[in-house]
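Visitor: Residue strings, one per chain:
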Amino acid sequence: MFSLEGKAALVTGATGGIGEAIARALHAQGATVALSGTRAEKLEALAADLGERAFVTPANLSDRAAVDALLPAAEAVMGKVDILVNNAGITRDNLFMRMKDEEWDQVLEVNLTSGFRLCRSAIKGMMKRRTGRIIGITSVVGVTGNPGQANYAAAKAGMIGMYKSLAREVASRHITVNTVAPGFIETAMTDALNDKQKESILQGVPAGRLGKADEIASACSYLASDEAAYVSGQTLHVNGGMAMI
Amino acid sequence: MSDIAERVKKIVIEHLGVDAEKVTDNASFIDDLGADSLDTVELVMAFEEEFGVEIPDDAAETILTVGDAVSFLEKNAG
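Those protein sequences? They're chains A and B, same order as listed.
Using our numbering, the final residue of the first sequence is 245, and nothing's skipped along the way.
Using our numbering, the final residue of the second sequence is 323, and nothing's skipped along the way.
One thing to keep in mind: the hints can contain errors.
Said to hold, decoys possible - DSS-like mimics (lysine-lysine), calculated; alpha carbons at most 25 Å apart, straight line:
| no. | chain 1 | residue 1 | chain 2 | residue 2 |
| --- | --- | --- | --- | --- |
| 1 | A | Lys80 | A | Lys124 |
| 2 | A | Lys212 | B | Lys254 |
| 3 | B | Lys267 | A | Lys42 |
| 4 | B | Lys267 | B | Lys255 |
| 5 | A | Lys42 | A | Lys212 |
| 6 | A | Lys80 | A | Lys42 |
| 7 | A | Lys164 | A | Lys196 |
| 8 | B | Lys254 | A | Lys124 |
| 9 | A | Lys128 | B | Lys254 |
| 10 | A | Lys128 | A | Lys164 |
| 11 | B | Lys267 | B | Lys254 |
| 12 | B | Lys255 | B | Lys320 |
Keep in mind that the hints were calculated from the coordinates and are not lab data.
Here chain B stands alone, though its shape is the one from the complex (with noise of 0.2 Å):
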């Protein structure tokens, strides 16, 4: 596992409380870990500030996956 995508599941099991096991790369948000649409938005504020980076809405629009927010990170963070 990348770097990144350890960094992301480490925040995502935090955030949402959930078990490690559950956060896969196909693993949604929403439907397979519990979250609601304010958790979606603070789990972006949470990779922003983690990563350095900003991600715009349109783009956190389409982060719906751990895998989304892993390959996104790949292609734009640091």
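Isolated chain A (complex conformation) (with noise of 0.2 Å):
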């Protein structure tokens, strides 16, 4: 159940955590995987760890150019782009009275506006072919709010909206188009957060524990594959009961 084989996907962000994570679970259901971020070693030792059927095709989401050059790039190295995963993400959180218009600027760029680009590029071959794959990584934050966040919260929130509507419009050409939306997974960036506020933020967790990128990664898996092509324009969250929406 839910091979890829055959399929290739983009994945952005996957140098972080749930990125790599992503691009390894996709990898290892069969399909090839261009993987992408602004580290390009850590990205050719990924690639390297992998094996077959991986790329590299680095690119950094807050320059316009590299963006549109990237679609081209993994279609080149690979063909075609089947699933295309959009998970690079930045934070510049700050309380909202202070956030600078930079720091909102960044984030939507990289968060909202380079997928909005991505997506753009990557549905005229999916038309073509009458199947595709488009995964967005969002946040809980994107539904529920988070003080300090306005910035990420606005892009992610952005992103379901963004997606909604183009899974409407490409709907009719097997093309799905879905977002995952993590709780508090163990990353780099929650490893940063002392015992303390660990412990408050699990208190409003029902299971009691961080979710794993892994988790991330099984749900893409699935949304990806074909016993998926009846989900479309929806948000799976994926949060350890955190938030029931």
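Taking the hints as your guide, dock the two standalone chains into a single complex.
Guide: Here is the structure:
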């Protein structure tokens, strides 16, 4: 089940904890993967570890020219892109009253606008082939809000609305467009929290633990598969029950 | 019928799955041939591929009938 043999996937932010897990999971299901991110050396190491069917296509998603070049680069190495995973994201947290325009702009540009541009590039080929999977990694905070993250939450909520709109436009071409919304996941970002902070977060998580990057990746493997052909415009929440929407 | 007109009509027939006799010069993709807005985008993509031209968005918006497509391509293709 959920085989991705013969499929080609582009994963952005593949150097991060969740992005790497997604790339590994899609690859394990048989997909060819193009790994994107800003740190080329780390991408090369991951590709070497994966072995066959892994390519490196670095890109800085805050640079629009680089964003526009990414899909063609992935198509050049893999021949096509069947699965696009917009995972790359940055945070520039600040209290709303202190938030700088640049902090707002940078987060919207990388987390929302680059994804819009990548989707626009990817659907051309998907429409021609009458098949495709677009998966965006949003966040629970895009639905619930979070103090200090107005920019991040706005971008993540924006993704959900954008994906639903695109899902409606291309559903008749057998292209599905969904988002996965992680809750608190064990990554470098949450490692930085102290025990007291972790404890207070966990009080709001019925599962009583942080999630694992692999658990986000599994959701992506499902949405990328042929078995998920009838699932579109959805947000799959993977959060241990911390928000039930 | 010109070679370009013939190739255009073939693409329209195949893409929209309509009868050849309906694909006249005056036939509107949306009103007469049952295309939706996404079909018109796909038709433009198919014309671009077939004729090796780039059809800019502002030109694509003026291509509403089979005849519009033929005359654009007669002027701009190869």
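Visitor: Next step is simple, just say for each hint if it's right about the structure.
Guide: Each hint tested on the structure:
For a cut-off of 25 Å, the pair hint linking Lys80/A to Lys124/A stands: about 11 Å separates their Cα positions. A C-alpha spacing of about 54 Å is found between Lys212/A and Lys254/B, which places the hinted pair above 25 Å, so the restraint is violated. For the hint pairing Lys267/B with Lys42/A, the CA-to-CA distance comes to about 57 Å; that exceeds 25 Å, so the pair is violated. A threshold of 25 Å between alpha carbons decides the hint, and for Lys267/B with Lys255/B the separation of about 12 Å falls inside it, so the pair holds.
A C-alpha spacing of about 21 Å is found between Lys42/A and Lys212/A, which places the hinted pair at or below 25 Å, so the restraint holds. For the given pair, Lys80/A sits about 24 Å from Lys42/A by alpha-carbon distance, which is consistent with the 25 Å threshold. Taking the CA atoms of Lys164/A and Lys196/A, the gap is near 37 Å; set against the 25 Å cutoff, the hint is violated. With a C-alpha separation of about 22 Å, the suggested pair Lys254/B and Lys124/A falls inside the 25 Å cut-off, and the hint holds.
Under the criterion of a C-alpha separation no larger than 25 Å, the hint pairing Lys128/A with Lys254/B is consistent with the structure, at around 19 Å. For the suggested pair Lys128/A and Lys164/A, the alpha carbons sit about 21 Å apart, so the restraint of at most 25 Å is met. With a C-alpha separation of about 10 Å, the suggested pair Lys267/B and Lys254/B falls inside the 25 Å cut-off, and the hint holds. For the proposed pair Lys255/B and Lys320/B, the alpha carbon gap of about 19 Å is at most 25 Å, so the pair holds.
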